[in-house]
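Chemist: For reference, the chains in residue letters:
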Amino acid sequence: MAEIIPLTPAGAEAPAEPFRGGACKLHPQTMCPAFGALRVLTRIEGAQPAMVTDTGCLYGLTFVTHFYAARKSIVAPALGTAELSSGKVQEAANAAIAEAATAANTSFIPVISLCVAETAGLAEELLPKEVDGKPVILVRVPAYAIHSHPEAKDVALAAVMRRFVDTSGEHEPGTLALIGEVFPADPLLIDGVLRKMGGRVVTTLPGRHVDEIKQAGRAAAVAALHPFYRETIGVLRERGVAVVSGAPIGAEGSAAWLRAIGAALDLDEDVVERVAAEEEAAARGFLASKPLQGATILVSGYEGNEMLYARLLIEGGARVPYVSTSIGPSALTAADEAWLKAHGTEAVIYRKTLEDDQAAMARWSFDLVIGTTTLAAYAKEKGIPSVYYTNILSVRPLFLAGGMVASLSFVRDLLNRKPIYDRMLAFFEGDEGREANR
Amino acid sequence: MSITLIRDISDTSSYWGASWVFGCFPDVHIVCDAPIGCYNLLGMAVTDYTDALPHMANLTPTSIREEDVINGTAKALIRTIDDLRTMGMLAGKRLLVVSTAESEMISADHAQLVAQIDPEARFFWSQSLEQDEWTGRERALLFAWEQYGKPFVPADVQPRPRTVNIIGPSLGCFNAPSDLYELKRLITGIGAEINLVYPYEGSIATTPKLAEAAVNVVMYREFGQGLAEALGRPYLFAPFGVFGTTAFLRELGQLLGIEPAQVEAFIAHEKRTTLQPVWDLWRGPQSDWFATVDCAIVAARSYADGLRSFLGDELGMKIAWVSGRPRREDEPDNIEIRKRLHAKAPAFVFGSINEKIYLAEANARGTHYIPATFPGPVVRRTTGTPFMGYAGAANLMQELVNRFYETVINFLPVETVTPAAGGPPKPSGAETMPWTKEATDRLNAALDAVPYLARISASRSLRAAAEQAARARGLKEVTLEIIEAAIAQGAAS
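As they're listed, the protein sequences go chains H and A.
So in the UniProt record's numbering, spot 170 of the first sequence is number 170, and the numbers just go up one at a time.
So in the UniProt record's numbering, spot 147 of the second sequence is number 147, and the numbers just go up one at a time.
Take these hints with a grain of salt, some might be off.
[As the list claims (entries may be wrong)] Just the calculated beta-carbon pair ranges, DEER-fashion: (1) Glu120/A / Asn105/H: 54 to 62 Å; (2) Gly328/H / Thr383/A: 43 to 51 Å; (3) Ala288/H / Thr383/A: 50 to 58 Å; (4) Asn105/H / Ser2/A: 23 to 31 Å; (5) Asp211/H / Pro413/A: 39 to 47 Å; (6) Lys150/A / Ala23/H: 36 to 44 Å.
[Stated by the list, open to error] Cut-off 25 Å, straight-line C-alpha distance, at most; resulting in silico cross-link-like pairs (SDA-like, lysine to any residue): (7) Lys25/H / Phe123/A; (8) Lys380/H / Met87/A; (9) Lys25/H / Lys93/A; (10) Lys318/A / Val408/A; (11) Lys196/H / Asp270/H; (12) Lys356/A / Thr102/H; (13) Lys214/H / Arg471/A; (14) Lys25/H / Ala115/A.
Calculated from the structure, these hints are not laboratory results.
Ideal placement from N, C-alpha and C gives every residue a C-beta, glycine not left out.
Construct the entire structure; sequences and hints are all you get.
Modeler: Shown next as structure tokens:
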């Protein structure tokens with residue numbers, strides 16, 4: 001493995017006041033919150049969404065949905081001043097539901113109610129419960145109340161789960177449901193290790209099939225791999241499914257998580273201990289080379305799982321003084337935040353804005369920025385290697401020893417790309433570039 | 001009142017249209033009175049896919065929250081403006097506050113408040129609950145002229161001879177850089193001078209200069225004509241096709257008082273340069289194909305009319321149907337377009353991502369989809385892909401012929417290295433199947449070799465193929481042998 005080229009001298013920065021975020025909070029960093037709901041709902045086979053909203057909202061959300069979620073046609077009523085002021089929201093929603101029900105391959109109809117419809121008032125009791133046997137499920141996701149798109153994923157998943165989760169059957173001993181949109185190979189890695197302990201993964205949500213949602217209700221335990229599925233795990237908890245928070249991240253995190261899963265699934269303690277120790281040993285073997293030592297990295301995403309990634313980087317030897325996310329703090333985020341604070345992270349910012357991230361860039365000097373598109377562009381304008389968090393996170397395994405090796409190796413490669421960022425910057429903004437702009 | 005239904009909307013609202021116009025001005029800062037979603041979708045997400053801008057740097061939201069929906073957005077607006085001042089983001093800029101569907105829903109009209117805060121600032125009531133992006137763009141152009149232009153034009157201003165404004169190109173206009181480049185080339189080619197490209201290359205400060213041009217060229221039929229009429233000089237629309245462009249050049253020359261001989265000399269030169277490939281392809285066997293294939297056109301009004309005229313009238317291609325934006329009563333809406341594409345897809349479909357999805361739903365692999373409008377992510381920032389003018393005619397013809405070639409070669413027999421067995425893999429069952437460590441490692445290694453962006457779908461299809469094969473063989477887990485076979489069968493491609 002090549003040496004990391006740029007190193008920030010450890011402790012080069014003078015100690016200062018605790019970091020307080022941006023002086024002003026002008027530009028919130030999240031996709032439109034409602035997109036999270038569309039992402040979850042449009043990907044379920046047979047779901048025919050009906051959106052109740054104004055045309056500008058419809059345009060923006062269908063645009064990103066068709067690019068990031070599913071190539072699925074979306075039905076909506078035209079909703080303008082005339083309809084909104086004459087109390088036609090209900091009638092409009094019903095017309096869209098009726099249209100959505102006409103397609104033969106529609107198996108259920110999520111009704112996604114957005115800002116203007118919520119402001120006008122859409123009454124759930126006046127919507128049909130089902131049309132031609134196809135369930136109708138209201139999902140309320142006004143951007144002004146939800147605040148981030150990961151949290152809207154939870155709202156949507158919880159809504160469909162309430163309707164579809166299996167409440168009749170027994171729990172299957174030793175089975176685990178995973179919650180969180182993870183790289184498709186990750187559940188396999190987890191399942192492989194779980195089977196060595198005598199358990200197994202039954203399903204990963206959000207998924208592509210209603211059956212998977214039903215199945216989650218029969219699991220003995222659920223693992224909230226991402227820390228924002230509060231309502232969803234609440235539904236499962238009511239159903240008697242044991243809840244394990246946190247994720248199998250890094251050496252420490254993986255072992256602790258496996259033990260927690262072992263306890264929740266009531267697996268043989270000795271076997272669990274042996275497997276957890278094996279996993280930890282495998283991870284520590286890789287970490288012994290301290291692959292990221294000397295690097296200072298900023299982690300700023302809006303996916304809600306940024307703290308997991310930051311933990312991994314820190315275990316890899318990096319210094320991660322600042323982590324920011326779009327979601328709010330909760331019981332599910334507390335453990336990761338505490339771990340980070342105990343391992344050198346000075347600031348964890350929830351519901352962050354661009355100004356918070358930029359203040360962090362001014363406060364610390366970074367060798368790598370893993371950020372939102374806006375922040376990554378800002379960092380590239382300073383010649384700092386930077387990548388869009390969502391792209392990086394979603395294309396490789398993350399969990400257990402295997403995921404850790406894949407992710408950290410990639411980050412190490414990124415750190416070595418500094419010269420090409422410098423060269424581009426020098427050309428476009430350096431003396432040569434300024435000459436051209438004169 | 002009956003409810004109109006929409007599928008996969010094609011035109012956005014006036015808030016978007018107006019912001020895409022105002023957003024072109026480097027000396028303006030827009031505050032949109034909006035929840036975070038309306039800001040994010042316009043300023044950070046979609047404009048990155050329409051215009052390849054990392055984000056709109058001169059747009060800030062009031063970030064309407066629940067309490068603002070109840071109490072009004074004035075406090076949020078004041079706080080936002082104060083913060084922008086604190087950050088120095090208003091230095092040297094004109095402040096412009098734009099309403100959105102949600103702020104209009106709660107009647108947040110801030111005309112007076114904005115005037116109190118800053119007499120130089122303006123409030124634009126976007127009427128997003130009623131008006132589409134085209135009306136929004138039109139009104140924004142007129143608003144800019146009336147607020148920042150007309151009052152500052154000297155009373156005795158005379159148009160400068162032979163000067164032309166190009167009105168219209170703005171953010172969110174499909175392919176605008178290429179079309180603008182071609183328009184400028186044509187206009188200067190006959191000896192005229194560009195006065196101002198508005199709003200693309202304009203600013204608040206240069207807006208009064210609009211009065212100085214002798215002729216205006218309105219780039220789009222769908223908006224911009226209103227400003228041209230307000231300017232009170234003769235105007236033309238941007239041309240398409242060989243004959244459409246020739247007529248445009250002659251008319252423009254006449255309006256500007258340019259010697260016809262000079263115009264004709266340029267046209268003659270173009271025939272032997274830019275247009276030579278059109279003549280060569282026309283004389284070659286390639287043009288014979290145009291009589292044998294049909295196409296459908298979904299695009300903004302200029303493109304819809306321009307493509308119909310060039311492909312249909314000039315090249316003799318069969319035009320199955322056209323749907324322009326804004327849509328006319330007699331043109332199919334998206335519900336009808338979807339039905340038509342499912343029933344019978346023409347050989348070529350010009351359109352947006354919506355048409356592309358409808359074609360995919362019908363598995364219409366024999367149809368060539370050509371991006372011709374938004375919505376849909378497509379980078380069109382170079383100058384080499386025009387639809388307008390002579391260069392547009394040559395580019396379109398070249399594009400179509402290359403698609404013909406592709407169709408032809410795809411029909412030729414080929415023997416693949418490993419024949420596909422049993423058709424494409426079916427989705428795996430709901431239950432997760434166990435994998436051996438070796439199999440998982442092999443999967444990861446295989447995925448490493450797949451191009452970055454294709455990995456997610458590759459991992460899904462490989463996993464599904466392997467699990468299906470394991471089930472078919474009655475195995476309880478995926479082994480190394482199974483995954484090797486799936487990889488060999490090219491499930492990752």
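Chemist: Work down the list of hints and note, for each, if the structure agrees.
Modeler: Cross-check of the supplied hints:
Judged by the Cβ atoms, the range 54 to 62 Å given for glutamate 120/A and asparagine 105/H holds: they are separated by roughly 56 Å. Distance hint for glycine 328/H and threonine 383/A: a CB-CB separation of about 46 Å, consistent with the stated range 43 to 51 Å. Here the CB-CB span from alanine 288/H to threonine 383/A is close to 54 Å, well matched to the stated 50 to 58 Å. About 27 Å separates the C-beta atoms of asparagine 105/H and serine 2/A, a value consistent with the hinted range of 23 to 31 Å.
About 41 Å separates the C-beta atoms of aspartate 211/H and proline 413/A, a value consistent with the hinted range of 39 to 47 Å. For the pair lysine 150/A and alanine 23/H, the supplied restraint of 36 to 44 Å holds, since their beta-carbon distance comes to about 39 Å. A C-alpha spacing of about 22 Å is found between lysine 25/H and phenylalanine 123/A, which places the hinted pair at or below 25 Å, so the restraint holds. For the suggested pair lysine 380/H and methionine 87/A, the alpha carbons sit about 21 Å apart, so the restraint of at most 25 Å is met.
For the hint linking lysine 25/H to lysine 93/A, the alpha-carbon distance of about 20 Å falls within 25 Å, and the restraint holds. Taking the CA atoms of lysine 318/A and valine 408/A, the gap is near 19 Å; set against the 25 Å cutoff, the hint holds. Restraint check for lysine 196/H and aspartate 270/H: satisfied, since their Cα atoms lie roughly 12 Å apart, inside the 25 Å limit. Taken as a hint, the lysine 356/A and threonine 102/H pair is honoured in the structure, with Cα atoms around 22 Å apart against an allowance of 25 Å.
With a C-alpha separation of about 22 Å, the suggested pairing of lysine 214/H with arginine 471/A holds against the 25 Å cut-off. Between lysine 25/H and alanine 115/A the alpha-carbon distance is near 24 Å, which keeps this suggested pair within the 25 Å criterion.
Hint check: no violations occur; every hint is consistent with the structure.
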